[in-house]
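K.L.:
The task is simple: from the sequences and hints, build the whole structure.
Spelled out from the first residue to the last, the chains are:
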Amino acid sequence: MDLVEQVTDFEKALLSLDRLAAQNILVRPPDGTSILDYLDNIVVPALEEIGRKWSSGQVALAQVYMSGRICEELVNQLLPAESPDRRNQPRLALVVLEDYHLLGKRMLYAILRASGYNLLDYKRMDVDELVERTLQDRIEVLLISVLMLPSALRVKVLVEKLAQAGAGVKVIVGGAPFRLDDQLWREVGADAMCRTASEAVTTIFRIWGGVR
Amino acid sequence: MNKPVMTSMQRVLTTLSHQEPDRVPLFLLPTLHGARELGLSIKDYFASAENVVRGQLLLRKKYQNDCLDAFFYAPIEVEAWGGEVIYREDGPPNSGEPFIRSLDQIKALEPPRPAETPCLRKVLDAIDLMKKAVQDEVPIIAVVISPFSLPVMQLGFDRYLDLLYEQPAIFWNLMQINIEFCVAWANAQVQAGATAICYFDPLSSPTNIPRDLFIKTGFPIARQVFSRTKSPIVMHLASGSTIGILDDIISLGAAVVGVSAAENLTEIKQLCRNKLTILGNMNGITMRHWTLSEAEDIIKNILRQAGSGGGFILSDNHGEIPYQVADEILLNIAALVRKWGIYPLDWTSV
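Taken in sequence, the protein lines are chains U and C.
Each residue of the first sequence is one higher than the one before, counting from 1 in my numbering.
Each residue of the second sequence is one higher than the one before, counting from 1001 in my numbering.
These are calculated hints, taken from the structure and not from any lab test.
Everything numeric in this text was worked out from a predicted model, so none of it was measured.
Hints are not guaranteed to be accurate.
[Stated by the list, open to error] Below, simulated DSSO-like cross-link-like pairs (lysine-lysine); rule was C-alpha separation at most 30 Å, straight line: (1) U:53 / C:1269; (2) C:1269 / C:1300; (3) U:156 / C:1043; (4) C:1230 / C:1131; (5) U:12 / C:1122; (6) C:1216 / U:53; (7) C:1003 / C:1122; (8) C:1061 / U:123; (9) C:1339 / C:1275; (10) C:1269 / C:1230; (11) C:1003 / C:1132; (12) U:161 / U:123; (13) C:1230 / C:1216; (14) U:53 / U:161; (15) C:1300 / C:1216; (16) C:1269 / C:1107; (17) U:161 / C:1043.
P.N.:
Right under this line is the structure:
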């Protein structure tokens, strides 16, 4: 089976919530391929395609969530949580800013873990606490998920405080208000916006100087 | 020739019967703006039925709105079950930590009784006062969260999706409890004077779950609630897409559907014409920075796509105007409906 077929079959297995079929595809990297390259070749494109299909209305959010969860479980078997082979650069954290809707962050966490990243989960924080933790942990890319407009607007205050504190962090935002107003991320001073959780992998590469 | 001026109720009933009233009805739903009108914090505003009634009446006068909105805030329904509500100064209250911490709690859950639950009693009192104030001249729209969507707040969204996919027996147990609550809550509001119930069911949108899952879950749940609710029902998917399930919504017997700003309104109108009234679909998030000329272009475009033949009410796409939308913008919208929404909409064919 060639790589394109593998990715297509893996995506199909995820969307039909067929864990066993997904597991049978994601067995181990071929000889000479690193585990991260293996994830980049199969898991990342499959999740990105599912994200694209959600954006265009072809699949539902629940399928995106369940796909991410299945991938996270499978990848944890291949690449345990504390494995030194996980990606440690850039230093990542994700957070829900000032609201109480955690699904977006949960999906993002699963997708980034399934893509081989190590990252800190700050759960829910307000602006001042988040500035302090970002500086303390020397975070390089901060991923922020929000559902409510007032929380999205608070990103502006956060970005200003991070800049005043001299943090060199890049801020990526996502969530409903940013999808409904595609200029809002610029208005609040973020470095980038993701329309779907799976766009985060490519966006991190892009704003951190890499290319995918 | 223009038609004689109608009351808001006549205007809305005419459009619901897929006829053209004197003008396009406007349902501006600035739930939170009443607090600003009264100079109160959002928390203080929602502390009493009288505040909300005064706020709604002032807003109606200001914007010549065609309904009164009896909706307080979504987490009032988890507050009724003992859950936490967290207020903020610049937006709607949020639900706090989900109150169902373990699935074992579900079988022992007792649905709250609306008339005996202080936060719900407050809403019933507000509806009663609204009804006394407007009689049958203005429709009063009340809201219930669907039994199918309520667990997003009861359990948290991720845990709820896990339950939905992996533990059907417990899911249906929770649904039976929620259905009983939802029907009682809807009918209590109807009895208090609500004209219609807005059934707020974002989870059923194809944006959130695939249609085949909806047909097995959200659809039969809605059918149970709709068949037992003693008023017309507005099916609102809270800015989720509707197109993939519009025929299902029609078959449920809904009178109105709230549609998303991201959807093709022309296509929706074709699917709904003479069957289902469309409510929508101004984007409340971008509305914050609409200039008069942008607002005019947007409203004309919406009316051009969906206004003809009645069966249409202009509103936002989420069911609540963000607090950040300035009064001036809402006044512009109200004025533009009176300028461009007079039937017949002859200008749309020019």
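K.L.:
For each hint, tell me whether it holds in the structure or not.
P.N.:
Hints, verified against the model:
1. U:53 / C:1269: Distance of about 25 Å is within 30 Å: holds.
2. C:1269 / C:1300: Measuring from Cα to Cα gives roughly 15 Å; hence the hint holds.
3. U:156 / C:1043: Holds, at roughly 25 Å.
4. C:1230 / C:1131: holds, 17 Å
5. U:12 / C:1122: violated, 49 Å
6. C:1216 / U:53: holds, 23 Å
7. C:1003 / C:1122: Roughly 39 Å separates the two Cα atoms, so the pair is violated.
8. C:1061 / U:123: Not satisfied, since the Cα-Cα distance of roughly 43 Å exceeds 30 Å.
9. C:1339 / C:1275: With a Cα-Cα distance of about 27 Å, the restraint between residue 1339 of chain C and residue 1275 of chain C holds, given a limit of 30 Å.
10. C:1269 / C:1230: Roughly 27 Å separates the two Cα atoms, so the pair holds.
11. C:1003 / C:1132: holds, 28 Å
12. U:161 / U:123: Between residue 161 of chain U and residue 123 of chain U the Cα gap is close to 20 Å, so the pair holds against 30 Å.
13. C:1230 / C:1216: Given that 30 Å is the threshold and the Cα spacing comes to 24 Å, the pair holds.
14. U:53 / U:161: Violated - the C-alpha atoms of residue 161 of chain U and residue 53 of chain U are around 36 Å apart, more than 30 Å.
15. C:1300 / C:1216: Violated, because 39 Å separates the two Cα atoms, which is more than 30 Å.
16. C:1269 / C:1107: violated, 43 Å
17. U:161 / C:1043: holds, 28 Å
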